[in-house]
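Residue numbers (the working numbering), protein chains in the order written: chain A, 1 to 303; chain B, 1 to 303; chain C, 1 to 303.
By construction, these hints were calculated from the structure, which means they are not laboratory data.
There may be inaccurate statements among the hints.
Said to hold, decoys possible - So these bits of chain B aren't anywhere near chain C, every CB distance computed over 12 Å: (1) Lys22; (2) Lys80; (3) Val90; (4) Ser126; (5) Lys146; (6) Gln191; (7) Arg229; (8) Asn248; (9) Leu249; (10) Gln250; (11) Lys253; (12) Pro263; (13) Val265; (14) Gln269; (15) Thr274; (16) Glu288.
Unchecked claim - What follows is a set of in silico ranges between Cβ atoms, one per label pair, in the way DEER data are often shown: (17) Asp195/B <-> Thr208/C: 55 to 61 Å; (18) Gly63/B <-> Glu104/A: 35 to 41 Å; (19) Glu228/B <-> Gln191/A: 38 to 44 Å; (20) Glu104/A <-> Lys80/C: 17 to 23 Å.
Ideal placement from N, C-alpha and C gives every residue a C-beta, glycine not left out.
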Amino acid sequence: MKLKNIIESQQFDEETIFELFKKTDELRIGVKKPLDGKILATLFYEPSTRTRLSFESAMLRMGGQVISTENAKEFSSAIKGESIEDSVRVISTYSDAIVIRHFEEGALEKAASVSPVPVINGGSGSGQHPTQTLLDIYTIWKEVGKIDGITIAMVGDLKYGRTVRSLCYLLGKFKNIKIIFIAPKALSINQDIKDYLKRKDVSFEERTELDKYLPEVDVVYMTRIQKERMSEKEYEESKGLYKITEKNLQLIKKTARLLHPLPHVEEIQLSLETENKDQRVAYFRQAENGLYVRMALLSCLLD
Amino acid sequence: MKLKNIIESQQFDEETIFELFKKTDELRIGVKKPLDGKILATLFYEPSTRTRLSFESAMLRMGGQVISTENAKEFSSAIKGESIEDSVRVISTYSDAIVIRHFEEGALEKAASVSPVPVINGGSGSGQHPTQTLLDIYTIWKEVGKIDGITIAMVGDLKYGRTVRSLCYLLGKFKNIKIIFIAPKALSINQDIKDYLKRKDVSFEERTELDKYLPEVDVVYMTRIQKERMSEKEYEESKGLYKITEKNLQLIKKTARLLHPLPHVEEIQLSLETENKDQRVAYFRQAENGLYVRMALLSCLLD
Amino acid sequence: MKLKNIIESQQFDEETIFELFKKTDELRIGVKKPLDGKILATLFYEPSTRTRLSFESAMLRMGGQVISTENAKEFSSAIKGESIEDSVRVISTYSDAIVIRHFEEGALEKAASVSPVPVINGGSGSGQHPTQTLLDIYTIWKEVGKIDGITIAMVGDLKYGRTVRSLCYLLGKFKNIKIIFIAPKALSINQDIKDYLKRKDVSFEERTELDKYLPEVDVVYMTRIQKERMSEKEYEESKGLYKITEKNLQLIKKTARLLHPLPHVEEIQLSLETENKDQRVAYFRQAENGLYVRMALLSCLLD
Chain A
1 MKLKNIIESQ
11 QFDEETIFEL
21 FKKTDELRIG
31 VKKPLDGKIL
41 ATLFYEPSTR
51 TRLSFESAML
61 RMGGQVISTE
71 NAKEFSSAIK
81 GESIEDSVRV
91 ISTYSDAIVI
101 RHFEEGALEK
111 AASVSPVPVI
121 NGGSGSGQHP
131 TQTLLDIYTI
141 WKEVGKIDGI
151 TIAMVGDLKY
161 GRTVRSLCYL
171 LGKFKNIKII
181 FIAPKALSIN
191 QDIKDYLKRK
201 DVSFEERTEL
211 DKYLPEVDVV
221 YMTRIQKERM
231 SEKEYEESKG
241 LYKITEKNLQ
251 LIKKTARLLH
261 PLPHVEEIQL
271 SLETENKDQR
281 VAYFRQAENG
291 LYVRMALLSC
301 LLD
Chain B
1 MKLKNIIESQ
11 QFDEETIFEL
21 FKKTDELRIG
31 VKKPLDGKIL
41 ATLFYEPSTR
51 TRLSFESAML
61 RMGGQVISTE
71 NAKEFSSAIK
81 GESIEDSVRV
91 ISTYSDAIVI
101 RHFEEGALEK
111 AASVSPVPVI
121 NGGSGSGQHP
131 TQTLLDIYTI
141 WKEVGKIDGI
151 TIAMVGDLKY
161 GRTVRSLCYL
171 LGKFKNIKII
181 FIAPKALSIN
191 QDIKDYLKRK
201 DVSFEERTEL
211 DKYLPEVDVV
221 YMTRIQKERM
231 SEKEYEESKG
241 LYKITEKNLQ
251 LIKKTARLLH
261 PLPHVEEIQL
271 SLETENKDQR
281 VAYFRQAENG
291 LYVRMALLSC
301 LLD
Chain C
1 MKLKNIIESQ
11 QFDEETIFEL
21 FKKTDELRIG
31 VKKPLDGKIL
41 ATLFYEPSTR
51 TRLSFESAML
61 RMGGQVISTE
71 NAKEFSSAIK
81 GESIEDSVRV
91 ISTYSDAIVI
101 RHFEEGALEK
111 AASVSPVPVI
121 NGGSGSGQHP
131 TQTLLDIYTI
141 WKEVGKIDGI
151 TIAMVGDLKY
161 GRTVRSLCYL
171 LGKFKNIKII
181 FIAPKALSIN
191 QDIKDYLKRK
201 DVSFEERTEL
211 DKYLPEVDVV
221 YMTRIQKERM
231 SEKEYEESKG
241 LYKITEKNLQ
251 LIKKTARLLH
261 PLPHVEEIQL
271 SLETENKDQR
281 VAYFRQAENG
291 LYVRMALLSC
301 LLD
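Bound-form chain A, shown alone (with noise of 0.2 Å):
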């Protein structure tokens, strides 16, 4: 399987997700340095040090080198007034892919029609992250044992939440999918999310409690209230309202596994000792995937 540039969740049909899944477990238990002599950039205009350590991490495990920058909206030339464009052009002739982060939509795509190497999206405004769906989507397969005929609530921030767009996209993909949106009104998934819904058969619902629906999903997708991203009064009436605690995670099914994009903050409220002990919190592994699902890609893009 080769692959060109990854840009949205969308791009992925179903049996490239599956080769991509098989190549992950083969990587996660151990690589021969098949990109040996390959540098990957890591072209930050958003920092994340989460995203840009994972890539890094690897294509380090990969035998792989790295070019970087945190913070390329005030230390690179975009300060002067550069196009994305152009920063990609002369970036791709220093190294054989580029992983970008930006706060604009659309910049992705700018970049990969003019990029002679391969681009990836590491998260674009508050459109797509299609990495993180992945490992996501990589995480429900490894936990819960299959992907079609789940049941699953995407719980807190689904307005601005930019994981739960592309996970519902990439769920789009698969049979038999039910989705329960928990949202306040004011944070709830857009239009263009439940016209997406319609159109590929996705039967989902959209509710305002979380207590109730719990014992009914083979996994809880939380987010958090992205405070960055919104208005003072939209924050305040939105955090706290949705919360998982040592109580209510009992309401959760046995064989069912609690996930987070992460960071989490007051939306899970869960002791050490849960979080190590209770194999339904998952969200720990999920990050640890990311690494697996991200050397799976670059290898896919640069082998």
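With chain A fixed as given, assemble chains B and C onto it according to the hints.
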């Protein structure tokens, strides 16, 4: 050929330059890790993603490794009042060569005076940027086929633009060069450069119109009006004065080349198609050449 | 010798210290990439180019690789409210060891409590900086030839200076040590350290004059008055009180050594020639030793 430090354009003579170009041409074809086990430190007191990543990629492509700070002014001991000399004495114990970009002229000379390892100027104040100049002149040599005897227009901010200053110093080493400086009065080339060119028998003239001179030249070297280095008044009076458009590009000879140290803003107004297909537009190839020239320099400093 | 985490100076006993020094001496001669395939993460919530690059160089010289953030406080999920524990749980899945520098005392203990990989303290609050201390004491051992029985003057900011605190803890492991604390009243050494030294039978005295004690000591450990850790009033009253000059340097025994954790500002006023030629001036060799000591530590943690 063995170099000690790279501080200013003047340090290179014609013979050294062509040896360096020969080395550059060898290295662009392929390398066998001659710098394995060597470490390059990049110490940027003034952020510049482009220059830094170019050096880092060059080092990695040669089999070396990199340690890096992209904002030494704020993140290093400089903020605690440490002198550049002391910083370099310490960093030199961790690395085999140091690239420094600094906001003050003279900082590189101070660094080189105490460093036991080679020091490379990655741009200092409004003074010099010798590796940019070497890639500029390498690009002229590759694209025009010669350096002796060329006519070159240098356009835009000739007062604050350090690439123009450095390029003049280097062109002084060659024969029968003619330079046409095109700038508003307020941003005209400094007297020290004119004195140098006279001493070196380089013919030059100072003009204020662009289009009239485009048909005469082998190279158009456009530069950006650098908002960050001048007063608001100077900027408002100068920006947009000189532009290369689809129209006046046609005034340039087919064999001539349009160079730019990048980033460019409104002074280049060409379509993507022209940028990709018109052979005269050479500035992205010029940026790529930076990688190979820096590989050659690192090789001469460290191998 | 196998270490688990490096959190505070007190954790090392005399036997471990000398084993470490033996390892350090081996590694400074040459290494054969024992850490090939291993990844070190450097997570700096408080920027420190010197400490970070020293660790990164140590890792690269041992054949390992590095992932890095130089400003985690602003660029990582910390800004979104993530706990240090969660950050470490995630980063530990991308790396084989983590160096953390943090502005809060206690952060390292929290990190180590959840990390499945070794955690190394790269400086925490005004508390500890154990790897600086190990390089300090290694330098004393190399330069003075012994640790037991030395007399050491610690000069300057003894209240906020974490290197002094850590060094006291480590000297408590040795025999017949005499410490002369020289500081203005407002910046004198804290009671907790004095209590510790009493328990350990370390002899110490508190003084306010410098020159008088210089002839007595084997080591002068100068420190900077740290503007950034105190009120403006404290700073104005303390800066410039203690200085080593060409003149009072002559009061120090020929076999004694002048150390400084660096960066130094006005408290060292020596000419370049003295710094290079007078064997008593040891602070740049001290900084270089940091590289070898950190190589030894990484080897003990990871090999």
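Each hint tested on the structure:
| no. | hint | in the structure |
| --- | --- | --- |
| 1 | Lys22 | holds (30 Å) |
| 2 | Lys80 | violated (5 Å) |
| 3 | Val90 | violated (5 Å) |
| 4 | Ser126 | holds (25 Å) |
| 5 | Lys146 | holds (42 Å) |
| 6 | Gln191 | holds (33 Å) |
| 7 | Arg229 | holds (26 Å) |
| 8 | Asn248 | holds (43 Å) |
| 9 | Leu249 | holds (41 Å) |
| 10 | Gln250 | holds (47 Å) |
| 11 | Lys253 | holds (47 Å) |
| 12 | Pro263 | holds (23 Å) |
| 13 | Val265 | holds (27 Å) |
| 14 | Gln269 | holds (35 Å) |
| 15 | Thr274 | holds (38 Å) |
| 16 | Glu288 | holds (26 Å) |
| 17 | Asp195/B <-> Thr208/C: 55 to 61 Å | holds (58 Å) |
| 18 | Gly63/B <-> Glu104/A: 35 to 41 Å | holds (37 Å) |
| 19 | Glu228/B <-> Gln191/A: 38 to 44 Å | holds (43 Å) |
| 20 | Glu104/A <-> Lys80/C: 17 to 23 Å | holds (20 Å) |
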